[in-house]
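*Asks:* From first to last, the protein sequence lines stand for chains A and B. Note that the working numbering numbers the first sequence so that position 318 is 318, with each residue one more than the last. Note that the working numbering numbers the second sequence so that position 68 is 412, with each residue one more than the last.
Just so you know, the hints here were simulated from the structure itself, not pulled from any lab data. Please note: incorrect hints may appear among the correct ones.
Said to hold, decoys possible - Label-pair distances were calculated between CB atoms; the ranges are:
#1 A:Pro94 - B:Lys421: 55 to 63 Å
#2 A:Lys338 - B:Arg387: 20 to 28 Å
#3 B:Lys421 - A:Val254: 24 to 32 Å
#4 B:Arg350 - A:Ser34: 29 to 37 Å
#5 B:Asp393 - A:Gly169: 33 to 41 Å
#6 B:Asp392 - A:Lys302: 17 to 25 Å
#7 B:Asn417 - A:Pro94: 29 to 37 Å
#8 B:Asn417 - A:Gly286: 49 to 57 Å
#9 B:Asn406 - A:Arg305: 46 to 54 Å
#10 B:Arg387 - A:Pro94: 48 to 56 Å
Stated by the list, open to error - As a list, the in silico EDC-like pairs of lysine to aspartate or glutamate whose alpha-carbon atoms are at most 20 Å apart:
#11 B:Lys348 - A:Glu151
#12 A:Lys338 - B:Asp425
#13 A:Lys338 - B:Glu380
None of the values given here were measured: they were computed from a predicted structure. All C-beta atoms in this analysis are idealised placements derived from N, C-alpha and C, irrespective of residue type, glycine included.
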Amino acid sequence: MATTFQSSPRSRADADPAARDLEHEVVPVARAASVLELIGNTPILEITRLVRGTLAPGVRIFAKLEGFNPGGSVKDRAARKMIEVGLADGSLRPGKTIIDSTSGNTGIALAMVGAAIGYPVELVMAENASRERKKIIQAFGAKITFSDPMESSDGAILLCRKLIAQNPGNYFKPDQYNNEANSIAHFETTGPEIWRQTRGQVTHFVAAMGTSGTVMGAGRFLKSVNPGIQVIGVEPDDAMHGLEGLKHMASSIVPGIYHENQLDAKIAVSTEEAYDMVYTLGHDEGVLVGQSSGAAMIAAIKVARSIREGCVVTIFPDFGDKYLSTNLWIGWPEWHRKRSAGEP
Amino acid sequence: MPIKVRVPTPLRRFTAGVDEVPADGASVRLVLEDLERRHPGIRERLLDDKGELRRFVNIYLNGDDIRFLDSLNSKVKDGDDVSIVPAIAGGR
Chain A
1 MATTFQSSPR SRADADPAAR DLEHEVVPVA RAASVLELIG NTPILEITRL VRGTLAPGVR
61 IFAKLEGFNP GGSVKDRAAR KMIEVGLADG SLRPGKTIID STSGNTGIAL AMVGAAIGYP
121 VELVMAENAS RERKKIIQAF GAKITFSDPM ESSDGAILLC RKLIAQNPGN YFKPDQYNNE
181 ANSIAHFETT GPEIWRQTRG QVTHFVAAMG TSGTVMGAGR FLKSVNPGIQ VIGVEPDDAM
241 HGLEGLKHMA SSIVPGIYHE NQLDAKIAVS TEEAYDMVYT LGHDEGVLVG QSSGAAMIAA
301 IKVARSIREG CVVTIFPDFG DKYLSTNLWI GWPEWHRKRS AGEP
Chain B
345 MPIKVRVPTP LRRFTAGVDE VPADGASVRL VLEDLERRHP GIRERLLDDK GELRRFVNIY
405 LNGDDIRFLD SLNSKVKDGD DVSIVPAIAG GR
């Protein structure tokens, strides 16, 4: 007997033609001549089960699944754009090595793009970056130089500056923290995709901040087409946190591309609630993501619960398979035991 | 000779910017309690409200992850090195 899968919580779409449009965004499937052409055009997923009964009837939440990018994260977009711009203006040319400081996803993206266009890549990261990510980067043929894990991401930034100072002519540094091409990538791709995929119905855009490129660029685009759209940045609630990829702005070297006045609001998320949300997303929605997605989801739910009508879009920067060996999963047995026992 | 505690950047606001501070105690838990007396506010960044090590904090005793020893009850003696390391690299 055939099994019919019904997305029952979407019954609103049956009655409301505008809402039904949201269900039919076609994501182009490309036949590509280069892996670079496969970057972007990621799907958005409506989050339903985990918020059922907790939102006003006119409120919906969508998550853009950036794990579908070929390098596995949202960072593919910025990496491709920064390298395109470098090639176009001549700052990246044959004989140069692409170098940057990154804890992982940007490193993977740069290593992938470098491999695809035939340029060497060298990455500086703290030694405690996740093992899977280091291996993926090495598989793309890139070199990794480790900085002191005690110095966090700022240590990697400083060591990278030192390496470049020793051999300034050898390197092209995309410099994701200070290169506007990072946020322009999102102005040109992520923002328009969200606008199209929601048929212009997006009212709130919520994104976690590392370099802040996503929230700055996509936010700027969305405000250019509808100034009423609220753009909300998400950050860890403390300098000492476990949200790999995110920055606590007040205690960090603030990225040059971060313009706080372009945000309508900021939401601080604790590491514990973000980790628990990762477990919940896997368990209740069938989506296994990384901790930055957990943080984004927590913030998107807070926004969605504060409004009576609207379409909240957030970004899930990557999937969770790169974090299975990390501290993210330390709490899962206890969480699972409580869930199974019906404890809160 | 006291125990040497290495403090990561995000916690140095509690130690006046110093990256290595002394503390006393016969176990990692007692060392952290002494650390709290000397640098108020640091404890809650490391331990949750049940007194357990936060999931995203790693502590190394002479280079070994205490989760693979006796966790917070791991025995500490004078001259030992205790390193507090956030479980992430940060940045992107």
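*Asks:* Now tell me if each hint is right for this structure.
*Replies:* Going down the list of hints, with the structure as the test:
no., hint, verdict
1, A:Pro94 - B:Lys421: 55 to 63 Å, "holds, 58 Å"
2, A:Lys338 - B:Arg387: 20 to 28 Å, "holds, 25 Å"
3, B:Lys421 - A:Val254: 24 to 32 Å, "violated, 42 Å"
4, B:Arg350 - A:Ser34: 29 to 37 Å, "violated, 46 Å"
5, B:Asp393 - A:Gly169: 33 to 41 Å, "violated, 54 Å"
6, B:Asp392 - A:Lys302: 17 to 25 Å, "holds, 22 Å"
7, B:Asn417 - A:Pro94: 29 to 37 Å, "violated, 58 Å"
8, B:Asn417 - A:Gly286: 49 to 57 Å, "violated, 39 Å"
9, B:Asn406 - A:Arg305: 46 to 54 Å, "holds, 47 Å"
10, B:Arg387 - A:Pro94: 48 to 56 Å, "holds, 54 Å"
11, B:Lys348 - A:Glu151, "holds, 17 Å"
12, A:Lys338 - B:Asp425, "violated, 36 Å"
13, A:Lys338 - B:Glu380, "violated, 31 Å"
When held up to the earlier numbered hints, the structure conflicts with 3, 4, 5, 7, 8, 12 and 13 and fits the remainder.
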